[in-house]
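Put chain B on the given structure of chain A with help from the hints.
2 protein chains.
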Amino acid sequence: MSIKAVVFDAYGTLYDIQSVAEVTEDAFPGYGEIITQVWRIKQLEYTWLRSLMQRYQDFAVVTRDSLAYTLRVLGLDYEKDAFERVIEKYLHLDLYPDATAALIALRPRKLAILSNGSPDMLNALVRNTKLDRLLDATISVDAKRIFKPSPAAYQLIGEELGTAPDEVLFVSSNPWDVAGGKSFGLNVAWIERVTPEAMALACVETELVAPLTMFKAIRTQMDELGFAPDHRVRALSELPGIIQG
Amino acid sequence: MSIKAVVFDAYGTLYDIQSVAEVTEDAFPGYGEIITQVWRIKQLEYTWLRSLMQRYQDFAVVTRDSLAYTLRVLGLDYEKDAFERVIEKYLHLDLYPDATAALIALRPRKLAILSNGSPDMLNALVRNTKLDRLLDATISVDAKRIFKPSPAAYQLIGEELGTAPDEVLFVSSNPWDVAGGKSFGLNVAWIERVTPEAMALACVETELVAPLTMFKAIRTQMDELGFAPDHRVRALSELPGIIQG
Chain A
1 MSIKAVVFDA YGTLYDIQSV AEVTEDAFPG YGEIITQVWR IKQLEYTWLR SLMQRYQDFA
61 VVTRDSLAYT LRVLGLDYEK DAFERVIEKY LHLDLYPDAT AALIALRPRK LAILSNGSPD
121 MLNALVRNTK LDRLLDATIS VDAKRIFKPS PAAYQLIGEE LGTAPDEVLF VSSNPWDVAG
181 GKSFGLNVAW IERVTPEAMA LACVETELVA PLTMFKAIRT QMDELGFAPD HRVRALSELP
241 GIIQG
Chain B
1 MSIKAVVFDA YGTLYDIQSV AEVTEDAFPG YGEIITQVWR IKQLEYTWLR SLMQRYQDFA
61 VVTRDSLAYT LRVLGLDYEK DAFERVIEKY LHLDLYPDAT AALIALRPRK LAILSNGSPD
121 MLNALVRNTK LDRLLDATIS VDAKRIFKPS PAAYQLIGEE LGTAPDEVLF VSSNPWDVAG
181 GKSFGLNVAW IERVTPEAMA LACVETELVA PLTMFKAIRT QMDELGFAPD HRVRALSELP
241 GIIQG
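The listed protein sequences correspond, in order, to chains A and B.
Residue numbering for the first sequence follows the working numbering, starting at 1 and increasing by one per position.
Residue numbering for the second sequence follows the working numbering, starting at 1 and increasing by one per position.
Isolated chain A (complex conformation):
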């Protein structure tokens, strides 16, 4: 294959969404872990549900709404400040440690992000983590007012970069995003951050489980949606090897 562009999912792929856990724990002692998991689960549910309902609101709204839902469900009272401090972290998520080096190694191919994030959220995040110096484009699904895995979202890659689907390597750690990209016709690399062995081992004792284990069980293993990735790697650092190989 002749890959002209490598396009990355942002949340969970280049950026560690679990890195909000420290801020949530600080704001809501004893609840950081469960907030982090329920929030992320609901955030994505809301993107899918709003898309299906034809009631699009951008990812900034969905991110706030899903956090408000989470805190209400857990019975937590809070000041506006605590809420804003947690939300603010979404503009300062931690990059995965190998992200910057992987991007550099993939040049001179075109490099871009395709994300559910709103333009404002993405631009701030990319700037705050200095990826703006490396990326050719930061593409938000907001232009189509529908979220991934709608084909309309993946179509933005070609529209923005001038590439055909088979000239693109799309990279995501999110199994549903892998299926969506593959269903659209992109080459897809899946970053498999939780191995099946580690997953099964975490589920040996199932009467009580860590919220993170439930999150992993429902959102980190390859989905049964009829579309498998072309490449399955453990880390971003393996990507240059795929393209050259």
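What the hints contain is simulated information worked out from the structure, not anything from laboratory work.
Check the hints yourself; a few may be wrong.
If chains are identical, the list can't say which one is meant, so a pair holds when it fits in one copy or spans any two.
[Said to hold, decoys possible] No more than 20 angstroms apart at the CA atoms, straight line, and that leaves these computed lysine to aspartate or glutamate pairs for EDC-like:
1. 4 / 79
2. 216 / 33
3. 216 / 65
4. 4 / 94
5. 130 / 166
6. 144 / 238
7. 130 / 94
Same frame as chain A, now just chain B:
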């Protein structure tokens, strides 16, 4: 309001989806509880994702795929027989104890089901539980090849029953389904089976939680999707009071 038809969601509303837990535990000792929760969570995710991907497969396929996913993630090996025994339960789910009496009390209004279920699944379930004697129609989203909460799904009510949206009381225990029905323009009653107080109480200890608690936290509390129900009741038996009141 002048309600001419009362239309029910099936899974979770008239039928107790948690009633699969005995069969899953019997087939996979020690794992019944976590299988039940992960399976249901993924089953709905797959309806939303397939709808968004424009890769519809009917609910029978989605139900099998989500169970296969669940067993794989948990690292469970199994014989075809065990799998089929669990799937078979979906045709014999338990009715909520007050379902039949509530339907009888709501006559002579038109009574129907609008469900994600495939026609074969729904017809078998309704027949097995003797609701076929009470229902005027069992409507499957399959006719539109898209799942709830797409407006196309709720539109089937008017097409099948000849009712205007404001002549219908739609009843669901699923918060996302309540939002979808309301967004479409129906009158909506939400069966709130888990109170906010009980929910918060279950989440006081959050380091380790029961899989059922995680399920409840993400799928039983009213969602932040911008659409609230017209009526909030605790049980199906309260419905006749709403309509007469």
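**Request:** Measure nothing new, just compare the shortest in-copy and cross-copy C-alpha distances for residue 4 and residue 94 to 20 angstroms and report within, between, both or neither.
**Result:** neither (27 angstroms within a copy, 55 angstroms between copies)
**Item:** Status of residue 79 relative to residue 4 across identical chains (alpha carbons, at most 20 angstroms)
**Value:** neither (48 angstroms within a copy, 45 angstroms between copies)
**Asked** Within a copy, between copies, both or neither: where do residue 144 and residue 238 come within 20 angstroms Cα-Cα?
**Response** neither (32 angstroms within a copy, 43 angstroms between copies)
**Request:** Can you give me the call for residue 130 and residue 94, within, between, both or neither, at a CA distance of at most 20 angstroms?
**Result:** The answer is within: 11 angstroms in one copy meets 20 angstroms, while 56 angstroms across copies does not.
**Asked** How would you label the pair residue 216, residue 33 (within, between, both, or neither) given a Cα cut-off of 20 angstroms?
**Response** Both ways: residue 216 and residue 33 sit 13 angstroms apart in one copy and 17 angstroms across, limit 20 angstroms.
**Asked** How do residue 216 and residue 65 come out at 20 angstroms by Cα distance, when the copy is not named: within, between, both, or neither?
**Response** Classified as between: cross-chain Cα gap 18 angstroms, same-chain 22 angstroms, threshold 20 angstroms.
**Message:** At most 20 angstroms between CA atoms: does that hold for residue 130 and residue 166 within a copy, between copies, both, or neither?
**Reply:** Close neither inside one copy (29 angstroms) nor across copies (53 angstroms); limit 20 angstroms.
Going through the hint list in order, the structure does not satisfy hints 1, 4, 5, 6.
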